[in-house]
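I would like the entire structure built from these sequences, with the hints used as guidance.
Residues 3 to 574, numbered by this note's numbering, are exactly what the sequence shown covers, in order.
What the hints contain is simulated information worked out from the structure, not anything from laboratory work.
In this text the structure is predicted, and so the values were computed from the model without any measurement.
Check before you lean on any hint, since a few could be wrong.
[As the list claims (entries may be wrong)] Taking lysine-lysine pairs in the DSS-like style, the calculated list, with each CA pair at most 27 Å apart, reads:
hint, residue 1, residue 2
1, Lys-70, Lys-449
2, Lys-155, Lys-76
3, Lys-76, Lys-222
4, Lys-398, Lys-349
5, Lys-253, Lys-497
6, Lys-398, Lys-497
7, Lys-342, Lys-359
8, Lys-467, Lys-497
9, Lys-349, Lys-359
10, Lys-126, Lys-70
11, Lys-449, Lys-166
12, Lys-317, Lys-359
13, Lys-497, Lys-222
14, Lys-155, Lys-70
15, Lys-126, Lys-155
16, Lys-253, Lys-166
17, Lys-166, Lys-155
18, Lys-467, Lys-222
19, Lys-155, Lys-398
20, Lys-359, Lys-519
21, Lys-451, Lys-166
22, Lys-359, Lys-253
23, Lys-467, Lys-166
24, Lys-451, Lys-70
25, Lys-451, Lys-467
26, Lys-222, Lys-359
27, Lys-160, Lys-451
28, Lys-386, Lys-398
29, Lys-317, Lys-398
30, Lys-349, Lys-317
31, Lys-342, Lys-386
32, Lys-359, Lys-386
33, Lys-451, Lys-155
34, Lys-519, Lys-467
35, Lys-497, Lys-76
36, Lys-76, Lys-451
37, Lys-253, Lys-386
38, Lys-386, Lys-222
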Amino acid sequence: MHTRHLLRHIPRGGKTFVRPLAASSSSRKRASRIEIVNPELCDLTLTRLRDTLPEPGTCDLIDINPGKGLWSQKLHDLLRPRRHVLVEPNYGNYAASLEPLLTENDSTYRHAAVLEDAFNPDNKLMSEYPVDKALQPNHSLLMTVNLSGAQFKTNLYKGSPARKFFSDLYMSLWRIRTDIHRYGLIRVLAWVPDEEKDAYIPRTVGVRRAQAVMLEASHKIQELVGGPANDRPTFFQKWREMEVQDRARVKAMEEAAGLQIPEHRRDEISPTYLLGVFPSPENIRRGGFVSDAAWVARFLELDDHLREVHPEWYKRASIEHLRKLGIVNPEQQEWQSLLKVALTQHKTHMRAVELVKEQRRVDQDLRNLAAQANYSQHSQPSEKEAELRRHCESLKFRISILSRTNRLFAEKAIDDYRALDLDPPVMSWNQRVAEPILVHDDDFLPKTKNLALLDVTPRVDFLQKISTHDTMVYFGYVQRNLWLSWSRTVYDALKTLVHAGVDDFIETIQGIHDPTKGGHYDLSAIRVRSLPVELVVEIALAYERWPFRRDLVDILMSGEDPQAAYSLSDDD
Numbered sequence: 003m004h005t006r007h008l009l010r011h012i013p014r015g016g017k018t019f020v021r022p023l024a025a026s027s028s029s030r031k032r033a034s035r036i037e038i039v040n041p042e043l044c045d046l047t048l049t050r051l052r053d054t055l056p057e058p059g060t061c062d063l064i065d066i067n068p069g070k071g072l073w074s075q076k077l078h079d080l081l082r083p084r085r086h087v088l089v090e091p092n093y094g095n096y097a098a099s100l101e102p103l104l105t106e107n108d109s110t111y112r113h114a115a116v117l118e119d120a121f122n123p124d125n126k127l128m129s130e131y132p133v134d135k136a137l138q139p140n141h142s143l144l145m146t147v148n149l150s151g152a153q154f155k156t157n158l159y160k161g162s163p164a165r166k167f168f169s170d171l172y173m174s175l176w177r178i179r180t181d182i183h184r185y186g187l188i189r190v191l192a193w194v195p196d197e198e199k200d201a202y203i204p205r206t207v208g209v210r211r212a213q214a215v216m217l218e219a220s221h222k223i224q225e226l227v228g229g230p231a232n233d234r235p236t237f238f239q240k241w242r243e244m245e246v247q248d249r250a251r252v253k254a255m256e257e258a259a260g261l262q263i264p265e266h267r268r269d270e271i272s273p274t275y276l277l278g279v280f281p282s283p284e285n286i287r288r289g290g291f292v293s294d295a296a297w298v299a300r301f302l303e304l305d306d307h308l309r310e311v312h313p314e315w316y317k318r319a320s321i322e323h324l325r326k327l328g329i330v331n332p333e334q335q336e337w338q339s340l341l342k343v344a345l346t347q348h349k350t351h352m353r354a355v356e357l358v359k360e361q362r363r364v365d366q367d368l369r370n371l372a373a374q375a376n377y378s379q380h381s382q383p384s385e386k387e388a389e390l391r392r393h394c395e396s397l398k399f400r401i402s403i404l405s406r407t408n409r410l411f412a413e414k415a416i417d418d419y420r421a422l423d424l425d426p427p428v429m430s431w432n433q434r435v436a437e438p439i440l441v442h443d444d445d446f447l448p449k450t451k452n453l454a455l456l457d458v459t460p461r462v463d464f465l466q467k468i469s470t471h472d473t474m475v476y477f478g479y480v481q482r483n484l485w486l487s488w489s490r491t492v493y494d495a496l497k498t499l500v501h502a503g504v505d506d507f508i509e510t511i512q513g514i515h516d517p518t519k520g521g522h523y524d525l526s527a528i529r530v531r532s533l534p535v536e537l538v539v540e541i542a543l544a545y546e547r548w549p550f551r552r553d554l555v556d557i558l559m560s561g562e563d564p565q566a567a568y569s570l571s572d573d574d
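Pasting the structure below:
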């Protein structure tokens, strides 16, 4: 099986990036747990967390898969928990590190082989087992977990420990599966393999899949620690110009809060992409860009040859005088041909960029107008709004006639802007108030693997709306059906959901046309992947009320588990 790669070529003394488009199959077969071994990383992380954690001596701590226990001890020293339950199923492998903690004088450490033992009141491993905390935050109980390690493979589940855990975490909101929230809604600090984190907290709508949406709806998620973005394929990232703006926005919030991140712990932004650079021979030789274009290496080879062999001709060679150059040999002709193709690609890409920026301005105008007019779903559009709608229709047509590559770029950039510009922004990543602390290879063992730390807290407002098991099933069913094809339009997705009477159904969805809530007057102009989770909830509630909905028993009996779609992508 061949693995495709993007060759990131930065010529002449620049950096060279080689990033896989798809992870190799061997990287998915983790045979052992990833251990946290750098005390500095722990200290920096806990310094950031300190003000949000319980006061010392006021909570119990459930610590799943502590391993050698460096993170466990650092967290213990800060919290001084009443009880610290080490849930370590492979205790024999880590006894040398954990036994001294359990046997020291007046130790508050306890050991459990499985999580259920820690939760069982008969074992008395925790200091209290509150019974009146259902659907209420329990700040006296904190959980931390290391979710690296070998893949699960059972009759009911096959996949990574992290995906299984977050599935169970979501379902436990309704006392299903492991029932993690049985003693109240608890906060979880979860270390996950860095290569997996986009399944839970994606940075772009392009990889926003089913499980990420379910977690975003039901939990507040923050990435506190993580690996560099530059190591990830381009489809895991926003358009670079947008990324620059986003990082500046977050940097301003960090400065306002007095938060400082050491430079060696701050991720660098990736170089610009070749399509956004005017492709003059000088710019291509200078480098400082990344590209997957195969012609770049060949052009540089020809450029070196022509400068050396035909110096007089080369002095006259420039992108402004391509048509006037006298061509006397095949090398000159190929050099000129490659430059013409690059210039055409640059021009068409920049045309798409202008359409993206134009659409962003129109979207902002629509949101501002709706906010000023106290938007009503049934009100007639004003003259200004009618003008903006005509502008939207024109943009929709102009984007549709772009080449496939430029159209896909424009649609993704527009969707990412819509997610970023909404208040509050769509996606947990866009709601961050600080950049994650950057990890390095020497922070972990084995050094070839990194972890990311996710801070996960249940959302009470979600449970107030999705408050019963039946509503939960409908929410899962609706959300899963919408995300069967996340890049299709919302209108097409709703037609698939209700089949007949879609226009009548749409009128029952609160906020679906309100641009301040992520809606739009034309649902064929917005795509599923940019919908805020609040609108997904409203669609689910409308579907539950819809008299022609699919029967609940039919959904359950057909085996269409609303938690079934967990993969990062269909071909992942």
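Each hint tested on the structure:
no. : hint               : verdict
1   : Lys-70 to Lys-449  : holds (16 Å)
2   : Lys-155 to Lys-76  : violated (33 Å)
3   : Lys-76 to Lys-222  : holds (24 Å)
4   : Lys-398 to Lys-349 : holds (20 Å)
5   : Lys-253 to Lys-497 : violated (42 Å)
6   : Lys-398 to Lys-497 : holds (20 Å)
7   : Lys-342 to Lys-359 : holds (26 Å)
8   : Lys-467 to Lys-497 : holds (24 Å)
9   : Lys-349 to Lys-359 : holds (15 Å)
10  : Lys-126 to Lys-70  : holds (24 Å)
11  : Lys-449 to Lys-166 : holds (25 Å)
12  : Lys-317 to Lys-359 : violated (38 Å)
13  : Lys-497 to Lys-222 : violated (30 Å)
14  : Lys-155 to Lys-70  : holds (25 Å)
15  : Lys-126 to Lys-155 : violated (31 Å)
16  : Lys-253 to Lys-166 : violated (34 Å)
17  : Lys-166 to Lys-155 : holds (11 Å)
18  : Lys-467 to Lys-222 : holds (16 Å)
19  : Lys-155 to Lys-398 : violated (46 Å)
20  : Lys-359 to Lys-519 : holds (21 Å)
21  : Lys-451 to Lys-166 : holds (20 Å)
22  : Lys-359 to Lys-253 : holds (23 Å)
23  : Lys-467 to Lys-166 : holds (25 Å)
24  : Lys-451 to Lys-70  : holds (17 Å)
25  : Lys-451 to Lys-467 : violated (39 Å)
26  : Lys-222 to Lys-359 : violated (30 Å)
27  : Lys-160 to Lys-451 : holds (21 Å)
28  : Lys-386 to Lys-398 : holds (18 Å)
29  : Lys-317 to Lys-398 : violated (44 Å)
30  : Lys-349 to Lys-317 : holds (25 Å)
31  : Lys-342 to Lys-386 : violated (43 Å)
32  : Lys-359 to Lys-386 : holds (20 Å)
33  : Lys-451 to Lys-155 : holds (22 Å)
34  : Lys-519 to Lys-467 : holds (17 Å)
35  : Lys-497 to Lys-76  : violated (53 Å)
36  : Lys-76 to Lys-451  : holds (21 Å)
37  : Lys-253 to Lys-386 : violated (35 Å)
38  : Lys-386 to Lys-222 : violated (37 Å)
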